[in-house]
Amino acid sequence: DTEVTQTPKHLVMGMTNKKSLKCEQHMGHRAMYWYKQKAKKPPELMFVYSYEKLSINESVPSRFSPECPNSSLLNLHLHALQPEDSALYLCASSHGRAVQETQYFGPGTRLLVL
Amino acid sequence: GDSVTQMEGPVTLSEEAFLTINCTYTATGYPSLFWYVQYPGEGLQLLLKATKADDKGSNKGFEATYRKETTSFHLEKGSVQVSDSAVYFCALRGNRDDKIIFGKGTRLHILP
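These protein sequence lines map, in sequence, to chains A and B. So in the numbering used here, spot 25 of the first sequence is number 128, and the numbers just go up one at a time. So in the numbering used here, spot 48 of the second sequence is number 380, and the numbers just go up one at a time.
Be careful, since some hints might not be right.
In silico SDA-like pairs for lysine to any residue, Cα to Cα no more than 25 Å straight-line [claimed, not checked]:
id, chain 1, residue 1, chain 2, residue 2
1, A, LYS143, A, HIS198
2, B, LYS384, A, HIS198
3, A, LYS143, B, LYS384
Covered by chain A, according to a simulated footprint, are these stretches of chain B (three or more residues, beta-carbon under 8 Å) [to be verified]:
id, segment
4, 349-359
5, 432-438
For the record, the hints were derived by calculation from the structure and aren't laboratory data. All residues carry an ideal CB built from backbone N, CA and C; glycine is no exception.
Excised from the complex, chain A in its bound form (with noise of 0.2 Å):
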């Protein structure tokens, strides 16, 4: 099972909203990643964490808040989103951080910034 779902599917928020988008794997991987995907671009890592602690943060502005409550699961909290962030949210998991590691993506939350 190489399965990571990811919750909502899709979302539409205000500038002034608060929301938090979900992701889950139950493969055991200790590696976990977000990624922001704009039309017909190819994905951008926002942020890994590895063994529950944030190790990258690609200068992600701070509207983003991640956060590892556990091994199995991701959360992506919004807050005072701009329009511009209107893109598709893919969380992606490895079982380690070695480089012939595959990361295995969910099927995004589509998010829209009203």
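Once you've looked at the hints, dock chain B against the given chain A.
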């Protein structure tokens, strides 16, 4: 830094045609190479991968060979189907960090 270059497309083919999507890379050391596919409205799915030189990855009739001498990982399929219509991303994972470096993606349209 590490980079991936792939033909951008769109590529339009008739069903049962032969497919090649070119991908070349620049990286230090010995990266792993991947092809991911993204169907409309969905996330990325791993299509195939190769972790060392001369490895051939294959899946669902698609193949790609890790060529270190030409720094290439071209995707091929002998006979495409309408259901293969999607965006294909070539990617590498280098030695330095967790980043996957993606190419810009190639949009493939298969006509019945």
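Point to revise | Violated hints - listed by number, lowest first | key: 1, 3, 4
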